[in-house]
Amino acid sequence: MTTRPIPVPPRGAEVKWHLSPPYSARHLLWLVLIVALLLVTGQRTDMDRMVAMTTQAVGNLIGVADDSQVVRGLSRVGTAMWPPVIGEVEEVNRMSDLDRDRLPLFSYIEVQERVEQRMNLETLQLEAATEQVEVLVKPLGYVWTVFVKMVETLEIALWGTLLSVVLSIPLAYFAARNYSANRFTYTAARGFISLLRSVPELIVALFLVLAYGFGPIAGVLALGLHAAGFLGKFYAEDIENADKKPQEALEAIGAGKIKTLWYGVLPQVLPQYIAYTAYIMDRNLRMATVVGLVGAGGIGQELKGRFDMFQYGHVMTILIAIFIFVFLLDQLQARIRARLI
Amino acid sequence: MIRFESLNKVWPDGTHAIRDVSLEVPRGQFCVILGPSGAGKSTLLRAVNGLMQPSSGRVVIDGTEFNARTQSVLRRRVAMVHQHFNLTNRMSVAANVLAGLLPMVSTARAMSGWFRPEHREKACELLAQVGLSPAHLKRRAGELSGGQQQRVGIARAFMLDPEVVLADEPVASLDPKISSDILRLIRDAARERNATVLCSLHQVELAREFGDRIVGMRDGQIVFDGSPEAFTDECVESLYHGAVWDDTTPEEAAGSSLALGTTNVSLA
Numbered sequence: 001m002t003t004r005p006i007p008v009p010p011r012g013a014e015v016k017w018h019l020s021p022p023y024s025a026r027h028l029l030w031l032v033l034i035v036a037l038l039l040v041t042g043q044r045t046d047m048d049r050m051v052a053m054t055t056q057a058v059g060n061l062i063g064v065a066d067d068s069q070v071v072r073g074l075s076r077v078g079t080a081m082w083p084p085v086i087g088e089v090e091e092v093n094r095m096s097d098l099d100r101d102r103l104p105l106f107s108y109i110e111v112q113e114r115v116e117q118r119m120n121l122e123t124l125q126l127e128a129a130t131e132q133v134e135v136l137v138k139p140l141g142y143v144w145t146v147f148v149k150m151v152e153t154l155e156i157a158l159w160g161t162l163l164s165v166v167l168s169i170p171l172a173y174f175a176a177r178n179y180s181a182n183r184f185t186y187t188a189a190r191g192f193i194s195l196l197r198s199v200p201e202l203i204v205a206l207f208l209v210l211a212y213g214f215g216p217i218a219g220v221l222a223l224g225l226h227a228a229g230f231l232g233k234f235y236a237e238d239i240e241n242a243d244k245k246p247q248e249a250l251e252a253i254g255a256g257k258i259k260t261l262w263y264g265v266l267p268q269v270l271p272q273y274i275a276y277t278a279y280i281m282d283r284n285l286r287m288a289t290v291v292g293l294v295g296a297g298g299i300g301q302e303l304k305g306r307f308d309m310f311q312y313g314h315v316m317t318i319l320i321a322i323f324i325f326v327f328l329l330d331q332l333q334a335r336i337r338a339r340l341i
Numbered sequence: 001m002i003r004f005e006s007l008n009k010v011w012p013d014g015t016h017a018i019r020d021v022s023l024e025v026p027r028g029q030f031c032v033i034l035g036p037s038g039a040g041k042s043t044l045l046r047a048v049n050g051l052m053q054p055s056s057g058r059v060v061i062d063g064t065e066f067n068a069r070t071q072s073v074l075r076r077r078v079a080m081v082h083q084h085f086n087l088t089n090r091m092s093v094a095a096n097v098l099a100g101l102l103p104m105v106s107t108a109r110a111m112s113g114w115f116r117p118e119h120r121e122k123a124c125e126l127l128a129q130v131g132l133s134p135a136h137l138k139r140r141a142g143e144l145s146g147g148q149q150q151r152v153g154i155a156r157a158f159m160l161d162p163e164v165v166l167a168d169e170p171v172a173s174l175d176p177k178i179s180s181d182i183l184r185l186i187r188d189a190a191r192e193r194n195a196t197v198l199c200s201l202h203q204v205e206l207a208r209e210f211g212d213r214i215v216g217m218r219d220g221q222i223v224f225d226g227s228p229e230a231f232t233d234e235c236v237e238s239l240y241h242g243a244v245w246d247d248t249t250p251e252e253a254a255g256s257s258l259a260l261g262t263t264n265v266s267l268a
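Chains Z and P, in that order, give the protein sequences. Going by full-length UniProt numbering, the first residue of the first sequence is number 1, and it counts up by one from there. Going by full-length UniProt numbering, the first residue of the second sequence is number 1, and it counts up by one from there.
Calculated directly from the structure, the hints in this document are not laboratory data. Certain hints may be false.
Straight-line alpha carbon distances no greater than 25 Å define the calculated BS3-like cross-link-like pairs of lysine-lysine that follow [what the hints assert, rightly or not]:
(1) K257/Z - K244/Z
(2) K138/P - K122/P
(3) K245/Z - K138/P
(4) K257/Z - K233/Z
(5) K257/Z - K245/Z
(6) K138/P - K244/Z
Required output: the full structure, derived from the provided sequences and hints.
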């Protein structure tokens, strides 16, 4: 067998290679443009005022500035919100179904004196009238109410996630280019996914409350629909990007689309699917506390009601509860993650 | 019997992968298709199970022409062993082998994984035949070595008792010792069932050892067709030589192949 030498340039030959520097005038121009754009948008969004007011607030706190609008506003709200409401007091004669022998846990009946200003019709003067009122005191009553609402929030998140998984599986199948039946089904599925993703949960919930009335149904549907768009997109892209080799092997023996998907794709993408679903669960838990603001059930509905009645003490209790809830969830998630990995 | 009738394949970019190939392979033959990279070996094999649509010409398997109508029936009779094993890596060995039965079982059975006992037994028998042990059944396919993965691939290919086995460079990524083990497994399993084997290879020694017949391909054309004995060293020389270097003479290659001209390479 004849051999050939590996080609090498002859000695002394001129090498005409050229390595250009990494930055040029064009990059500088881009930099100037980007800075200009940032300045314009910053001015439009009042970023200059934000910096000024924050500086003033910091100055007021350390005793340099006399007055600060920010500090005044925050302290007014802060004073109104403290202390958080823990118990509940209800007048007995307004409760129709009270069984005196079987009071709720930890609660007791008490007689309180109430002083009321009444107009004396003869003298036309306000007089203080003292009244004996029998009340039912529940020392942890409001905390319990909030707890029940929190559980409802959790349930909304759970069912929203379940619904989104169930909805997104057929969506993902049709939105995956290599599995969709034809161009029409592909475009339709992709369009529907974009539609679901483009409308935020709160706005969906706003309309669903009109359709289904106040309560958790609207919340579950809103979370489920929005997350179905999310999951549908991610699932579909995973199907499209999955390793083609096992799929080819199953196609070669004529296994059919569904079976190929089940045996050639699903085992590969399952870990990613679980990760996406866990993310959606986490997201739904946080969103479930918010959708109640438009009347779709859960803790948000309670929050909105108290806020509108200026009962800031109650609001504080709810905010603390939400914080504890999210904190516990993070801890739980860290535990689960540590166990799985 | 497989018959290729003046088969042509032109890729969309204008590459002529197969030029007017006509070939007849009788039932039960171990036919090795030999040739340098890019000769069109894989493309020819993939015409037999429709993974590649020929531009013109046709493939006839036991008197039935391969087309869109007969595809689903014919694909069940044609098994394939792949160069990169093409197993589902995150699935168990057992499930990978049972996947070879998918065209035969109902969707409900496939999705639940509840295969018939005789099918499960058959999977075990085949795995034993290719030299794996019961301990491998539940392992993930991706954890096995290359040689073991190809054994699983062979077991999967024979689940449907195929009449034709297409082996597309089945040992390209395996070491020489394992390569001949694997080819022996394919040959023996095929002989037992009187199945035809079309096996593309690029190792001349293996082709001579295992082939009943050697078909040499270059540039999409058949340039040799005969018994292993007739495939002499001169044939090897003419098959491999010049195919890749054809457009440059040694003088040119020595003088100018690195003169690429001014090339701008930017790291930005």
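Structure-based check of each hint:
no. : hint            : verdict
1   : K257/Z - K244/Z : 13 Å, holds
2   : K138/P - K122/P : 16 Å, holds
3   : K245/Z - K138/P : 21 Å, holds
4   : K257/Z - K233/Z : 19 Å, holds
5   : K257/Z - K245/Z : 15 Å, holds
6   : K138/P - K244/Z : 23 Å, holds
In this structure, every one of the numbered hints holds.
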